[in-house]
Amino acid sequence: MGFFDYFQPVSTWTAEEVRAFLRQKSAESYNLIDVRQPGEYESGHLPGARLIPMAELTDRLGDLDRSKPTITY
Amino acid sequence: MSGGIDAWNGLVAGGAYEAGLAYFSRASLPEELISLSFALEEGNRVFYEHISRNLKEEEAASIFRSMGQAEERHKETLRELHARVTGKGGTPAVPEGMEGVEFLEGGAPLGETLEWAKGKTLEEILELAIAMEANALDRYIKMGRAVTDDRSMEVFLALSLEEQKHLERMTSLLDRLQGKG
Chain A
1 MGFFDYFQPV STWTAEEVRA FLRQKSAESY NLIDVRQPGE YESGHLPGAR LIPMAELTDR
61 LGDLDRSKPT ITY
Chain B
1 MSGGIDAWNG LVAGGAYEAG LAYFSRASLP EELISLSFAL EEGNRVFYEH ISRNLKEEEA
61 ASIFRSMGQA EERHKETLRE LHARVTGKGG TPAVPEGMEG VEFLEGGAPL GETLEWAKGK
121 TLEEILELAI AMEANALDRY IKMGRAVTDD RSMEVFLALS LEEQKHLERM TSLLDRLQGK
181 G
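Here the protein sequences come in this chain order: A and B.
Sequential numbering from 1 applies to the first sequence in this note's numbering.
Sequential numbering from 1 applies to the second sequence in this note's numbering.
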């Protein structure tokens, strides 16, 4: 991670915008990340979402394909 | 996403990350994942056909009938992929832990679910079917990630896109029934 990576813009989408995005794109074209705890994920998650709890996020950034947009919730 | 999962108010899949991949068995090899998918597609096919025969609402019956036919096509796709991956023809073997009982997407036993469906409204049945399809979508996306050969990845991705279309069809009917569409 370089210095300028800290200044990448991060936009907030509404649930409707996310829904429209997911409907138009195929699953391999984005990273969809659930950052909640495993129990919360288990009781319900967006289809195809990967579970990476917030506390593990820094260590698991390598799991994400940086060439694709990433959506977290 | 602003508001997180609470704002989503839409289709969610249940279960741990591995659910659907390892819920019934320790499926990890491509042929095991294909066998698991094949068995779940068959459970769903029987469910949809049974429901379509018992519904009075013609439009809904027709949707469930075509869903049953779609599951049959998915089984054929999976059968071909299984033959390609294993070099053996025929029906994929029943996965470990699923012998003797048929299951639906999401893990519910078929027999119990058919019993549950008796006397339920169309809305209640649609809600269950939507949850099943959301789990199928979730599972195919994860299976696409779990395999490394291009053909399997392509097939699981294509199946996930089909499940997404099924979801849209059923949610649109549910919206209309609930006066939202």
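For the record, the hints were derived by calculation from the structure and aren't laboratory data.
Values in this document were obtained by computation on a predicted structure and should not be read as measured data.
Treat the hints loosely; a few may be bogus.
Calculated pairs, BS3-like style, for lysine-lysine (alpha carbon to alpha carbon, straight line, at most 30 Å) [what the hints assert, rightly or not]:
id, chain 1, residue 1, chain 2, residue 2
1, B, 165, A, 25
2, B, 180, B, 75
3, B, 118, B, 88
4, B, 165, B, 56
5, B, 180, B, 118
6, B, 75, A, 25
7, B, 180, B, 56
8, A, 25, B, 180
9, B, 120, B, 56
10, B, 165, A, 68
11, B, 180, B, 88
12, B, 75, B, 56
A quick look at each hint next to the structure:
Taking the CA atoms of residue 165(B) and residue 25(A), the gap is about 13 Å. The hint holds against a cut of 30 Å. About 34 Å separates the Cα atoms of residue 180(B) and residue 75(B), which puts this hinted pair outside 30 Å; it is violated. Taking the CA atoms of residue 118(B) and residue 88(B), the gap is about 40 Å. The hint is violated against a cut of 30 Å. With a C-alpha separation of about 24 Å, the suggested pairing of residue 165(B) with residue 56(B) holds against the 30 Å cut-off.
With a C-alpha separation of about 26 Å, the suggested pairing of residue 180(B) with residue 118(B) holds against the 30 Å cut-off. Our distance criterion of 30 Å between C-alpha atoms is met by residue 75(B) and residue 25(A), whose separation comes to about 25 Å. Taking the CA atoms of residue 180(B) and residue 56(B), the gap is about 22 Å. The hint holds against a cut of 30 Å. Between residue 25(A) and residue 180(B) the CA atoms are separated by roughly 25 Å; this keeps the pair inside 30 Å, and the hint holds.
Pair hint residue 120(B) plus residue 56(B) holds up; C-alpha atoms about 12 Å apart against a cutoff of 30 Å. Between residue 165(B) and residue 68(A) the alpha-carbon distance is near 23 Å, which keeps this suggested pair within the 30 Å criterion. Proximity of residue 180(B) to residue 88(B) is assessed by CA-CA distance (about 49 Å); at most 30 Å being required, the pair is judged violated. For a cut-off of 30 Å, the pair hint linking residue 75(B) to residue 56(B) stands: about 28 Å separates their Cα positions.
Comparing the model with each earlier hint shows violations of hints 2, 3 and 11; every other hint is respected.
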